[in-house]
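Engineer: What follows is each chain in one-letter form.
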Amino acid sequence: MAKIISDVVCPFCGTLCDDLEVKVSDDGKEILEVYNACVIGTEKFLHSQAKDRLTVPMKQDEEGNWNEVSVDDAVEYTAQMLCNAKKPLMYGWSSTNCEAQSKGHEIAELVGGVVDNTATVCHGTTLIAVQDVGVPSCTLGEVKNRADRIVFWGCNPAHAHPRHMSRYSIFPRGFFTGKGHKARKMVVVDPRSTDTAKMADLHMQIEQGRDYELLSALRVAIRGNPLPETVAGIPRETIQDVAETLKSGRFVVIFFGMGVTQSLSKNHNIDIAIALTRDLNDYTKAAIMPMRGHYNVTGSGQVLGWQFGYPFCVDLSRGFARYNPGDSTSNDLLRRGEVDAVFVLGSDPGAHFPISSVKKIAQLPSVCVEPHYTPTTAVCKLHMPVAFVGVEEGGCAYRMDNVPIETRKVVEPPEGMLSDEEFLERVLERVKEIKGVA
Amino acid sequence: MPEIELNLISGRTIHQGVSMEAGKEKPAYTKACGIIEMDDADFKRLGAWRNTNVRVTSEYGSVVVKAIQTTQGPHPGVAFIPMGPWANMVISPNTYSTGMPTFKGVPVKVEVAADEPVYDSLELVRKACRGEI
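Sequence order for the protein chains is A and B. Residue numbers for the first sequence follow my numbering, so the first one is 90 and each next one is one higher. Residue numbers for the second sequence follow my numbering, so the first one is -8 and each next one is one higher.
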C-alpha cells in the first residue's frame, strides 16, 4: 500500500511551495507520484529516482579518464585541495539547506576561502542596491491577502516560478482580495511578449536594456510632471496610464527579475525601482521583491549575513570577512585568475557562468558536490554525488520573501549516500586535522 | 551567405527548467536550450528556414544552435537563447564591478550553419575548455 506524505516543500525555486503531496511506496524507498507541484518541481522529485543516478564518487585522472573512488578518498582529496590552496573559491550553496551552508562556511574560515553563492549571477546586483538604498518589502502572505496592483518587471513567472501567480500574486483570493485576479491589475514590463505578459492587463514592451529610463519616467508620471512623447519605446500615455493604475491601488507590489539585474545599469536599475516604490508610498502602500531563483539562495544570503555580515562574495582569505562585488565575486576572481582551487556545492557554474570562467575552473584543482551529471561535473577533477535536499534530506530553506521554511525528507537516499552536510562535516574534521586545529 | 545582427538576451523557459532537472546530459536539455528563438521577420532577413542550425557569434565567443521560431514574440531584432551553456558561449562576461556578467543585451551576428552540429551541454563545455571549438 502506497502512502501519501503531505505538506511537502518543493526544492526548486524561491517560491518554495509548501503544499505538495508525494505518494511513496510502502517501504518508503520510491516516489510514485507528486501532486500540486509545478512541472519542474515534479521533475525534480521524480528525477531523484533515476536508474542511471551516480552514487559513487568519480575522479578524473591526468588523461581525462574517470575512475571510481571511495568516499574517504573524496573527503581526503577535498580537504587537501582546500588546505593546499592559497585562496580557494567555494561557490554555490543555493540548492542545499542552511545547516550545510553553515558547515561549509566553517571550512571556508579555516582554509581562507572565498564563499560566493548563485546570487552572484542572479540577484547579486539586487543585494548591492538594497545595501545602497534599503528596501520596502513584505511577505508573500501579505501579497496574497492585500495586493491589488502587481507589477512583474523583467521577470517571467509563467516559466521561471510557475506557481507564483496561482499561490500568491495574481489568482488567489485573500483576506482583503476576495475577488482574486478580477480585482487585481497586472502590469508586465518585458522586451518580449512573454507568456506572463500575455496575461497582463497592461504590457509595456520596453526596448531591451532601457529599464532605468522607463522607471525614471514612471517616477515623473507619478508626480504629474511632463514627459517626452516616448520613453524606452513606450508612449507617454501608456506610462501615465500605468502610473495612475499604480497610484489608485491599495497595495502595489513590484516583482522584478533578471531583466533588470542582468542588463546594463544592473544595480542602478534596482536603485531606481526601489525609489519608485518609495515614491508610490506617498500615495498608497507599495513594496518590492526580487524573484529569487534557487529555492535556498535567499537562505545562503541569510546565513552568510548572520555569520560574516555580507550576503554573497565573502572573501575570508585575509582572516577576516571582506566583501567587494567586482573584486571578491566568482566571475571576476576566475577571469583574473585569482583563485587556485574551486569547490562547488549546490549549483552548476559550468552551465551558468560565462565560458571564460568555466575554462578557468577546468584548469584548476576542483571538486563538485552534486547529485546530477552537469557541465560542472564534466570539467571538475572530482565529482561527489550526494542526497537531494528537500527530497532525501530535510533542513531549513528561505523563501524569496525571507521566510524560513523547514523542508521535508520524503524518501531514503540510495544506501551509503551522504547528505551535503554529512560530507562537509567529514571534510571539516579532516581540515581541522591538517590545520592542527582542536 | 547573409548574416544578420541581433540583440541577444538569455533567460529561463519552462522547458529549460524541466529538462535541467531531468538531467543536463540528456538530449532533452539540448533540445530545450541549444536553440535561438528568432522572429519571423529576422528569419526572412537571414533567408533561412525555421529549425535550421545557425552560428551565433559575439565579441566574446561563438556557438552553433538551432534557430527556431520565437515562442514568446513578436520581438523583431531581439534574439533569445535559454539560459545554459549555449548562451554562455556568447554572452558578455563583463561585470562592470558588480560581479554580474552581462547575460542580456549582447550584440550578436547570426549566420546559417546547416552542416554544423549542435553539441550537447557536457560535450560543448568540454570541447570549449579543451580549446577544440
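Simulated from the structure, these hints should not be mistaken for laboratory data. Don't take every hint at face value.
[Said to hold, decoys possible] List time: in silico DSBU-like cross-link candidates among lysine-lysine, alpha-carbon distance up to 30 Å:
id, chain 1, residue 1, chain 2, residue 2
1, A, K112, A, K498
2, A, K287, A, K271
3, B, K100, B, K35
4, A, K118, B, K57
5, B, K100, B, K57
6, A, K448, B, K17
7, B, K118, A, K287
8, A, K112, A, K287
9, B, K118, A, K175
10, B, K35, A, K140
11, B, K22, A, K233
[What the hints assert, rightly or not] Rough simulated footprint, nothing fancy, chain B against chain A, three-plus residues with beta-carbon under 8 Å:
id, region
12, 242 to 252
13, 460 to 468
14, 483 to 496
These numbers come from a predicted model, not from an experiment. Every residue gets a Cβ at the ideal spot worked out from N, C-alpha and C, and that includes glycine.
Engineer: Could you run down the list of hints and mark each one as holding or not?
Structural biologist: Okay, the hints, checked on the actual structure:
For the hint pairing K112 (chain A) with K498 (chain A), the CA-to-CA distance comes to about 13 Å; that is within 30 Å, so the pair holds. Between K287 (chain A) and K271 (chain A), the direct Cα distance comes to roughly 16 Å. Compliance with the 30 Å bound is thereby established for this hinted pair. For a cut-off of 30 Å, the pair hint linking K100 (chain B) to K35 (chain B) stands: about 15 Å separates their Cα positions. The hinted pair formed by K118 (chain A) and K57 (chain B) fails the criterion: a straight-line CA distance of about 40 Å is larger than 30 Å.
With a C-alpha separation of about 14 Å, the suggested pairing of K100 (chain B) with K57 (chain B) holds against the 30 Å cut-off. Simply put, K448 (chain A) and K17 (chain B) have alpha-carbon atoms about 22 Å apart, close enough for the 30 Å limit, and the pair holds. A hinted pair counts as satisfied when its Cα atoms are at most 30 Å apart, and K118 (chain B) with K287 (chain A) does not qualify at roughly 39 Å. Of the pairs offered as hints, the one joining K112 (chain A) and K287 (chain A) is violated, with about 35 Å between alpha carbons and a cut-off of 30 Å exceeded.
Between K118 (chain B) and K175 (chain A) the CA atoms are separated by roughly 29 Å; this keeps the pair inside 30 Å, and the hint holds. With a CA separation close to 45 Å, the supplied pair K35 (chain B) and K140 (chain A) exceeds the 30 Å bound. Annotation: proposed proximity of K22 (chain B) to K233 (chain A) is violated, straight-line Cα distance about 36 Å (limit 30 Å). Given a C-beta distance limit of less than 8 Å, the hint that chain B covers the region 242 to 252 of chain A holds, as 5 residues qualify and 3 suffice.
Restraint check on the region 460 to 468 of chain A versus chain B: 6 residues with Cβ-Cβ distances below 8 Å, three needed, restraint holds. Restraint check on the region 483 to 496 of chain A versus chain B: 0 residues with Cβ-Cβ distances below 8 Å, three needed, restraint violated.
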